[in-house]
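Here's the letter readout for the chains.
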Amino acid sequence: MSDTDVIRTQRLTRYFGGKAVVREVDFAVPRGSIVGLLGLNGAGKTTTIRMLLGLLEPTRGSCQVLGTDSRELTPEIRSRIGHTVEGHFLYPWMRVRECERFGRETNSHWDGAFFERTVRRFGIDSAAKVSWLSRGQRAGVSIASTLAGQPELLILDDPALGLDPVSRRALNESILEFCESGERSVLLSSHLLDDVERVADRVTLMVDGLMVVNTGLDDFRQRVAAWTVDVSHQPPFGGSVRTPVPIPRLVNCRPLGDRWQITVVDPDEDTSAALAAIDSRSTEPVEVTFDDAVLAYLSRSRVYYSFFAERTP
Amino acid sequence: MQIRVIPGSSAAIYRQIADQIRRLVAAGELAIGDPLPSVRALAKELVINPNTVAKAYAELVRDGVLETQAGRGAFVAKRRNVYSKAERLRRLDEAIESAISVSLTLDFTSEEILERMRTKLEKLDL
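If you read the protein sequences in the order shown, they are chains A and B. Quick note on the working numbering: the first sequence kicks off at 1 and runs consecutively. Quick note on the working numbering: the second sequence kicks off at 1001 and runs consecutively.
Isolated chain B (complex conformation):
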């Protein structure tokens, strides 16, 4: 597991850590039950205040991405659906909006974009 933090960016350091762990879990690079480094070890590796790592882990536990076992540290939790309905909708809108704005700058019509999207979804056979 490789996590990097960049001070001076628009996302707070705890947010950068939480987002990267979410991505690693979503991409399957971290599997259910995998242990995470201890707060102290990760803070040491990244040269940051341990409270920052603790804050990121706490948020991930609250959202169901991680679970803690007393005395053993944090692990990737079983449940995959880690967002609330509202949060899922927000993220979906964000993804669609950016796809739409890129598509429109490429001079496609609404019909073309929708058609293309439908084809892609059908291919996935969900």
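In isolation and in its complexed conformation, chain A is listed as follows:
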């Protein structure tokens, strides 16, 4: 394991009964980076996070966090990992300033000023009781409590779930401020692609328990390309496009109005040849946004049932 990685997994696998929920996942979070973890619900993101935090035993494979196997995390190492849980649990009877005092007493590296700045960003009055707060504000107190403990590694499991626009912005600002020194690292599981595009420098993507993407955010964008084809003059073909030559590294093919959009990774001459073989009235390249690229992958597992490649005669 490299000293520069704060998270590292080796063929990390978890079964629930006979079902593999996380399959042979190999990935790393380099120190100082903000890594987005994307995937549909049920893709294995939360199970992966729970194994990293030592809350769940891997069925096979292993993972290390801050250099230690997750099954052997000591209280000292745990205190260097910050994480929030879905729903942001807090004691409802506490006032916000009592949450601050509680954090101060239970954390050895407490940064009270950071807590204050963060709750202010979320528009929270520190005299308010937790039970009076909106969902977004409760998330703010939870985020402030986690970040003010100054962990080296922050693991956020869908922190933006159900947040209003103001709280979303406050969350992004808080994560970025937390990482300003360049020494801290974040694993951010999220469904909000715009926010991931803003704050992350790396992106990982899970589909059906497999990690199918793990690279720099710009690299991911650059390597995914798409074309639209017009096959409306042909008789219907099993609900898809007739491809006389199979398209290499095909990610996804989906209907787009009257046309079909074909998304591939690392296009080359073989891709052009396969596209040229399609009986299409017009084939046009399309610009791929970060959302397009992610969505093409997320709908990938469903493609196998709807996409047919014809063999060359």
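Possibly wrong hints are sitting among the right ones.
Sample of chain A residues lacking proximity to chain B, with all beta carbon distances greater than 12 Å (derived) [claimed, not checked]:
no., residue
1, Q10
2, G18
3, I34
4, R78
5, L153
6, P246
Below, a list of computed lysine to aspartate or glutamate pairs in the DMTMM-like style, where the Cα atoms sit at most 20 Å apart [claimed, not checked]:
no., chain 1, residue 1, chain 2, residue 2
7, B, K1044, A, E177
8, B, K1044, A, D194
9, B, K1123, B, E1111
10, B, K1044, A, D201
11, A, K129, A, E116
12, B, K1123, B, E1112
13, B, K1055, A, D219
14, B, K1055, A, E180
15, B, K1044, A, E173
16, B, K1055, A, D194
To be clear, the hints were calculated from the coordinates, so they are not data collected in a lab. Glycine is no exception: its CB is placed at the ideal position from the N, C-alpha and C atoms.
Dock chain B against chain A, hints included.
Same frame as chain A, but now just chain B:
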């Protein structure tokens, strides 16, 4: 200097920043020697990862739009001609192609379009 970024668009965020700074320099809104905000300050203002701003600045420095002075940050560079010959040709073609396609949809002939363009250029007295 006002820069805006829109996630979810076809241009990566670093590209949006680089393109906007290029435009501000080309339009004279940023003059030679003007300082740019620090990577950290701009990242904070736009609520984006600082590496994204750093990447945009690095590209602009490489292309000669900006220059960095150790410890003082980035400034608009002296040289105005910031593109390579090939890149200049590419951009010229892009501009001409879009002008041609608009002109043709307006039902003008090649001669009319060329004549009009010649008149415009002569007026500029280059």
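Enumerated hints in conflict with the structure, sorted upward: 3
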